[in-house]
Amino acid sequence: MVIQTFSVIVIDENECESDPSICGKNARCFNTVGSYYCQCHEGFTTNSAYNFTGTDGIECEDINECVVGSAACGPYTKCVNSEGGYNCTCEAGYISSNGKDTFKSGQGIFFAVFTAGSFYCICDAGFRLKSGETNFTDTSEHIYVINYKGLEESLNCSFDHLKTQQKQTFKINSKVVTATVSNKETTNLTKPINLTFSHLEKKNEEHMCVFWDPELDGGAWSTRGCTTVISSADQTDCSCSHLSSFAVLMALYDIGDVYELRVVTLVGLSLSLICFFICIVTFYFVRSIQSTRNTIHLHLCISLFIAYFVFLVGITRTENKVGCAVVAGILHYFFLASFCWMCLEGVQLFRMVVLVFNTTLRPIYMFAAGYGVPAVIVAISATANASGYGTDKHCWLSIQDGFIWSFYGPVCIIIIANVFFFLITIWKLAEKFSSLNPDLDSLHKIKAFTVTAIAQLCILGIMWVFGCFQFNENTLAMSYIFTILSSLQGVLMFIMHCWLSKQVRDEYAKFLSCICTPQKRKYSEFTSNQTSKQQINSVLKRSWLALALRMCAHERNSSPQAVQDVDEFVSSWEQIW
1 MVIQTFSVIV
11 IDENECESDP
21 SICGKNARCF
31 NTVGSYYCQC
41 HEGFTTNSAY
51 NFTGTDGIEC
61 EDINECVVGS
71 AACGPYTKCV
81 NSEGGYNCTC
91 EAGYISSNGK
101 DTFKSGQGIF
111 FAVFTAGSFY
121 CICDAGFRLK
131 SGETNFTDTS
141 EHIYVINYKG
151 LEESLNCSFD
161 HLKTQQKQTF
171 KINSKVVTAT
181 VSNKETTNLT
191 KPINLTFSHL
201 EKKNEEHMCV
211 FWDPELDGGA
221 WSTRGCTTVI
231 SSADQTDCSC
241 SHLSSFAVLM
251 ALYDIGDVYE
261 LRVVTLVGLS
271 LSLICFFICI
281 VTFYFVRSIQ
291 STRNTIHLHL
301 CISLFIAYFV
311 FLVGITRTEN
321 KVGCAVVAGI
331 LHYFFLASFC
341 WMCLEGVQLF
351 RMVVLVFNTT
361 LRPIYMFAAG
371 YGVPAVIVAI
381 SATANASGYG
391 TDKHCWLSIQ
401 DGFIWSFYGP
411 VCIIIIANVF
421 FFLITIWKLA
431 EKFSSLNPDL
441 DSLHKIKAFT
451 VTAIAQLCIL
461 GIMWVFGCFQ
471 FNENTLAMSY
481 IFTILSSLQG
491 VLMFIMHCWL
501 SKQVRDEYAK
511 FLSCICTPQK
521 RKYSEFTSNQ
531 TSKQQINSVL
541 KRSWLALALR
551 MCAHERNSSP
561 QAVQDVDEFV
571 SSWEQIW
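Residues in the sequence shown are numbered consecutively from 1, following UniProt numbering.
Please keep in mind that the hints were generated in silico from the structure rather than gathered at the bench. The beta-carbon is built from N, C-alpha and C at its ideal position, and this holds for glycine as well. Do not take every clue at face value.
[Stated by the list, open to error] Distance windows between CB atoms, simulated:
#1 514 - 380: 44 to 52 Å
#2 214 - 405: 56 to 64 Å
#3 224 - 375: 46 to 54 Å
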């Protein structure tokens, strides 16, 4: 018997090739093993499933992009829907920046704006405008002006190449526009063009006309070839000798006064630092005034000297963010320390009046309050908000989120406490002056100490009232007052605690006499020594002469009368010499 076997090969049928219209209109067929599925073309959709088959009775319908909002054509445009897509066109009086009649969303974001009824001229093929000219001789002047929507926010930077008297902070205060004509050679126009920009923020600040120079470090704002004709709070008129992309910048604080303020700061704080240095040397080396109060004044001057020195050299060094934060932290610490030492002076005066014995403060307690308390405050502030140290314009505490109150909060508490101590001190002084047997010398001394301490607190306290506005952009006058009071701080410390003290003046006089009259004293010593030597030699000569005469009289066996005559002669000569 013969048995035959047969093998059957099953081949998948490609329904997409067998029936190209199996999915219907505006749909695409995808073959699978044993089956297939359909999907709509781009720009079409179904009301149900994303994948379907031809037997499901589903049809692909056109998506109206203009209705559903996916076509963001932009302002001054019209959206025209078409089968499977859409197109954007400009409204009457506008043309697209790419020069095409139709475009998609994102391809024509910027538009050339013309007033109603305006027109522009294009040279015939083979012709162009003369070099440096922007208009035809027989028509009025017209140029393309492209107004960029929202571009001022993207380009609100790249101000490093602007030549100002010192580093300034700017902000774009107008729309960014591009002016062009059909002539490509517009880099050096024979006749400048005038542009008027409306301000986005109506502020009476310093404004300047700039253009975008793509050759400066990949693109930056520049004033080359552009001048500011006139500027008001509402608009600025610019005159430029070339065509490009233009804008108006607003300085965030007045350019004209910055240089003068910097000079006042440099001179005033330098004078204050010199006075603080003299005070530090005086309090440390003059032994006749050593006391608890003198120690407080010494460390108060040290704190203010370091604070003002760092302020002078580092307050505007904002290039390095880490370094700027360190400068802000140092200023925070030492200015707080100065207020703490002033508070200790109020406590010391209170103890001198109220307590009879043990009125001095132990040094360890003074250092803990004078330097330890500020360290704790700065450490907590830095831990809570390290980014609050340093701003874009100054290396100081940030005003945002109220971080500045990590300084002003403790300062207000210290001032209130000091005022309390001073009021109690004055009250007790008045009682003691009216007592039966007052110690007037001691009371007058404490009274003088209290007056100088109150004056010192007023100067430093009022200074920081104006210091609130020092780092605010629209308070330049307050900045001047703050700087002047800072300068007076060192001078007043020197006058009140050094120059008005007789002990200190005597020490200054001794020191100056040692420096100014060393040669005179040396000459006097030399003259005195010479005189003494001459007197000694004269006495020796007289003694030797008298001795010689007496010896001669005795050797010759002279009579007693002759010896007596010699003695009388020698005595008379000794009296004459």
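Verification of the hints:
no.: 1; hint: 514 - 380: 44 to 52 Å; in the structure: holds (50 Å)
no.: 2; hint: 214 - 405: 56 to 64 Å; in the structure: violated (45 Å)
no.: 3; hint: 224 - 375: 46 to 54 Å; in the structure: holds (51 Å)
The structure does not agree with numbered hint 2 stated previously, though it agrees with all others.
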